[in-house]
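> Knowing the structure of chain A, use the given hints to seat chain B on it.
Residue numbers (my numbering), protein chains in the order written: chain A, 1 to 236; chain B, 1001 to 1130.
Read the hints as simulated data drawn from the structure, not as lab findings.
Do not take every clue at face value.
Stated by the list, open to error - Residues from chain A shown here face chain B by an in silico Cβ test under 8 Å; the list is partial:
| hint | residue |
| --- | --- |
| 1 | Ile29 |
| 2 | Arg165 |
| 3 | Pro190 |
| 4 | Gly217 |
Don't be surprised by glycine CBs; every beta carbon is placed ideally from N, CA and C.
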Amino acid sequence: MIKLDHVTKTYTNRIALDDVSVTFPAGKIIGVVGANGSGKSTLLKLIAGLSKPDRGTVTVNGVRADRKICRDVAYLPENDDFYPFLTLDETIRFFATQFGGYDMERAADMMSFLSLDPGQKVKNMSKGQRGRLKLILALARDVPVVLMDEPLSGLDPMVRESIVRGVISFMDLSRQTVLLTTHELDEVEPLIDTVVLLKAGRLIRMEEVDQIREDEGLNLKDWVKAAYQKIGEKDE
Amino acid sequence: MMKEFDSSQPIYLQLAQRISRRIVRNELRPGEKLPSVRETAVEWGVNPNTVQRTFQELERMGIVETRRGQGTFVTEQQDILDRLRARLKEEQIESFVRDMTELGFTPEEITRGLQEFLQSHFEKGASEHD
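Chain A with its partners taken away, still in its complex shape (with noise of 0.2 Å):
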């Protein structure tokens, strides 16, 4: 289980995110939807130790998540940053020396079920084939929480669906929490359990992906543009 209980990040001058308090339960995929600079990518590091809340605080299952969060929860970021030398296999080797957990037969599993090759070297693969190999190194890992920001931005479309196919068949739902940022509602409309809605650093809605659609008949896509429209005109 994650928690923020009235949490504030801000940077120099500018608010990421105000005020938010929540509880994501575990066992779920959670999007986290809005529009850029809307406080989603400080929403992740903030979960994942990487940096501090200016107020309030942040838990996952009952430990404040600073730097030794890393044992419990994968974070992968938006932008990628390999050593070009190494092969693909040798980095997910790096990897598992900095970070505990990684369960090396899933990652081979992985990597057929991705169509990588082990042995390519990082500086000739694709944009598309680093994304891939981010997933593994993200959802490799035997840990309870894994975050994943914008793991489908900049890719094709095949390659994002190949992304979504291999969330939902290398994550354990029983035993781990996935939340993703992503401007590509429509595609992960269906991978998710739970979408949560930021606007300006404030969390605005969150629900069930299924209930919006029973109660309010809408898509994912058409359910952000009411509640933003919503929310701005309250604004004025």
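Relative to chain A, chain B alone:
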């Protein structure tokens, strides 16, 4: 390729309908084991929790039975499967008639049009099922 879900209805219900159609088409036979939750989730590109809900819905309707530790199976009760088949037929006809009525066709025109279509369709021998 993943099949799109339409936007109005919950995904778990749409998936239940798709599996029901497979059963009516006999692609899944009475007593046959359904693919696991995980396999179904990967095939349709949906969350495993959603598939779990779909299976619960199908079970509530009596179309499938879950046997502890063995998996989920299509029911062998023929009356339930007959009812499912009849219901799908009604739903299809209802949506066809709704569309035609909206376009301004009278019941007589619809009946005549359908009869003519069926006649020429089957005379040509073009009876492959979609």
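> Determine which of the earlier numbered hints do not hold for this structure and return their numbers in increasing order.
none
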